[in-house]
Amino acid sequence: MEADTNTPTNPKRVLCIEDEHFISELYARALTKAGYEVDVQLDGQKGLAAAQTDRYDIILLDLMIPNITGIEVLRTLRDPRQTPRMHARIIITTNLEQREDVRADIEQQADGYLVKAEITPHELVEFLSHLDV
Amino acid sequence: MGYFEVFLRQFRARLFLIIFINNALIVADWYIVDQVVKLTGLWALAAIVAMPLITLGALPFMTASTLAKPTKFLWQAILHIAPNTANSVGAPKPEQLGLGRELVTNLISQIYQLASVVQTVEQTSVRAAQDLHANFIANSLPLPLLVLDKEEKILYANEATSKYLGRSASELTGQSVYTALDMSFQRDDTLFGWLKGSKGQAVTASHKWERVRIGLPGQGDSLIFDLAAYYNQNNSLGYETLLVLFDHTEVYAQDDQAMSFVALSVHELRTPLTLLRGYIEVFDEELGPGLSSELKAFMKKMDASAQQLAAFVDNILNVAKIEDNQLTLQLHEEAWPSVIETVVRDLSLRANVRGITIKTDIAADLPTVGVDRYSIYEVLANLLDNAIKYSKGTSEIYLTAALNTDGLVETSVKDFGLGIDASILPHIFDKFYRNHRNRAQIGGTGLGLYLSRAIVDAHGGQISVFSKVNERSTITCTVLPFTKLQEAGKTGGNPNITRNAHGWIKNHALYRD
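For the protein sequence lines, the chains are A and B, in the order given.
Counting in my numbering, the first sequence runs from 1 upward without gaps.
Counting in my numbering, the second sequence runs from 1001 upward without gaps.
Hints may contain errors.
Label-pair ranges, simulated between beta-carbon atoms [claimed, not checked]:
#, chain 1, residue 1, chain 2, residue 2, range
1, B, F1261, A, A49, 28 to 38 Å
2, B, R1167, A, D132, 54 to 64 Å
3, B, S1305, A, Y113, 22 to 32 Å
4, A, T83, B, F1312, 32 to 42 Å
5, B, N1232, A, Y113, 50 to 60 Å
6, A, A49, B, D1182, 51 to 61 Å
7, B, K1163, A, T83, 48 to 58 Å
8, A, A49, B, G1166, 51 to 61 Å
9, B, Q1330, A, E126, 38 to 48 Å
If you are wondering where the hints come from, they were derived from the structure by calculation, not from laboratory data.
For each residue, glycine too, the CB sits at the ideal point set by N, CA and C.
So that you can see chain B by itself, here it is in the shape it has in the complex:
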């Protein structure tokens, strides 16, 4: 702190010097004017006054910057640490300093030291803010949290994620999220699809999914969770997508217990059903001829109802198998017309009791198809059953089969009944879909189409619907010709191709079994 006293001393000395010089000049001036040059009167006065005026003008001019230099350097130093200054000048060299050198040097060096400390602190805190690994919230969050970059690769996975997946953060980082988390969704709405849509259109977006699975059911332990995602397009650090997982494995896994419950129930339902169908057949054959036509018709309707019940029990069972990934299909080479004929024959009683005729139009020269006869029968039976249900009041259902432009065998079931409202159409393949406004229309489609889609998917085909309310509905499904199936599966001539049908949609479009 002695520096200021030193400066003051030097400053006083300078000031003294300047004033002394000024006064000396004035005295010298007087002496020269009065004694040397010997001017008198007004000339003398003018000459004497001129000197102080000159020195007043010149001296301050010459000395001000020297006196003010310390202030200038201090000002520059302060600007240096002030934020957002464009011209930051470096520290001055000692030679540039004159007056108050010690004071200024000391102060300025302290300021520049302060400046570099501030800079370091700034950089550290920016790095710390960017480093999620140092982020308290991200790390302490008891829920798995993942951050993805623009290419959906994992930038960061918190500790909870590592624990949940049983893989270290270093294993996960850098991997594509789809490879690291082999997710399956309950419907077509997948993470991949949503991100694709958001990237093109939204600046920020968020979405959630329920009952997402890692690992397919029936394939060892799988994790089931709800997923929340946040997407933002312009994050400066490249943190484009945030994912949080809410685990519900225990709760949702209990639903898997449903399989044994279903198996038991199916057996219990089938026993009386066997008897009912047997007795109906006996009465129809042995009592039938003696009955009035009305009672005969009732017998037929009883039979149709029993068949319908048996078919529904099969549906329940198949859906439970699908949920448990236990519905295995064996694809063989089959003649499509023969499959269709069997189904149409079996469903005709149920159609006829409602006054409906099933008309078929099967293209000649259809190639043989690669199908699992039992389950593809279920698909056609469900499509016809739905058509019968929707045919209120109309008398015809058309079933057509032909080779389409993609070389696939395309089968359509068309009814001319109620039709399906546009708001419901996207959901008709969902399990148990019920629209509260259209309860009357929807009754009974909950399982059949869900089952059909899963089976057709597993065959490598596609199912679609077209409908006009109160006019008609057409459901179309495709199956592969056997030759195409062999090519696709590269089975090398193996006539048996095994597939698993399940109701889960794999995460991305690359999935084709």
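Okay, chain A solo, but in the shape it has when bound:
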């Protein structure tokens, strides 16, 4: 099922929780060009708070972030008691390698798992366009 493409009146909103400023800059640039509205959070706690407002359609979540781990954020966002409303698709973007069991666990909770070094910004946009949002 094809996802809705971005329209000027109904852009998809993306929250990028990423502490590497250069990377978030590249991603934000490509996503904005593709018509998304992008917010960037460099801090884990602030990112979690922003995500819990349920304003975003897509959340790009890095695993190595300050003050709280990406895994913790993921768990909190997926816990209905702590995050009662969460309609966004959560995509893990990371350069960390996990043990297989940890990765499987993460993939179960998230809607996607990407290794940043293996995709370019455009490929990320391509990937998101196929998400069912």
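Mind docking chain B on chain A? Use the hints.
Quick look at chain B alone, frame taken from chain A:
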């Protein structure tokens, strides 16, 4: 010691008797000839001389053996304890003895006693020599030592072995060495294979292996040691194979720490790599159209290099996982042509910047395969990457896929470049193999093929290479059709099959996960 005096007395008496009889006979003879028969002259002389002659002839003849009997029995007794005498006569009965009975009896009984003592000592020392448990060297050796019989069962394990393995000698004895020591080797050269080869061909043989493992990495504590073996075919006691273990667990286990080092390094490498690839894409798209064709080509090459670097970082990581038995594969049903198309598409930039085209020939109606998509992708990517590297100057690489006669899906990557020298061929799947004479040729195959073999093995397939120097190389790998995988695994319809990929070769041919 009075026995000899008694004997002497008896001997003197006998001798006296014989001489007396002899003289009496001569006197009687004279009397008969002279006074009774009254012979005279020459007849008388002849008759008188005849008697002593007769007795001289007869008496010694009749008495010699009696006088000599003691000596005979002594001689027999000595022969009895002399080694290697075929006729060993038992001790004589007292009735057989006559002259010097006490002396001979005493001496002979001492000799026969000595004989049985000697026999006992001999038997004891032979048994002691055969009994390894009583052998000082075997028992005191601070290294684990095992002795195997013709069927590779453990005949003897010394104390150091029991301590090392944490099992008593009685538990180990009688077991097959392969069951007792679940060994894994770094290469195809295993104990099982070497013994098989030696039994057919050598009278004696010895061999050593480095970094042999008991227990697989990642599965709890394992022991890592160097192994030395000595084989001899004709040992009379059935001690056919001797094994000695040199433990290096602490030293070699430190290499396992490498995993966290690798994980950290991979993360640090990937961050700038992400940025490089991102900026290259931006420049290629936004600056590209304004650039000269030469500069555009440079952009493409930059992109290809960044991809290559990312792929190599993946290889490092996967190899480290394999070493740590952490590379877990989830086998699913996949369409093989789609996997191939993805790989070929991803590698085409790297091929094209070198003027190489990847041509595919995929058989129609291939069955679905049971593979872990991510790792089998790594295998194909590595094979294509190698082909690109070896293609110096040539312009085509062929990738073919078809069902082979064994019903397996066989994929081959063929290049027409440098080829691989026959002396190197057996080693190309080894990690880091470097042949100092062919350094220029080998650069870069250290990890990719090692990784590919481990992954293909874990899929239940096989990988092989054919090459002609300066002509071509073909690397072929097989994977199982999904239906065959289900049969083999008896998974009862479970679509997920989990495997572990590792670089260790199990000891014997029975291993098939």
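Taking the hints in turn, this is what the structure says about them:
1. B/F1261 to A/A49: 28 to 38 Å: Holds, since B/F1261 and A/A49 (Cβ atoms, about 35 Å apart) stay within the stated range.
2. B/R1167 to A/D132: 54 to 64 Å: Holds, at about 58 Å.
3. B/S1305 to A/Y113: 22 to 32 Å: holds (26 Å)
4. A/T83 to B/F1312: 32 to 42 Å: holds (40 Å)
5. B/N1232 to A/Y113: 50 to 60 Å: holds (58 Å)
6. A/A49 to B/D1182: 51 to 61 Å: Check passed, 53 Å falls within 51 to 61 Å.
7. B/K1163 to A/T83: 48 to 58 Å: Check passed, 57 Å falls within 48 to 58 Å.
8. A/A49 to B/G1166: 51 to 61 Å: holds (54 Å)
9. B/Q1330 to A/E126: 38 to 48 Å: violated (25 Å)
Consistency with the previously given hints fails for number 9 only.
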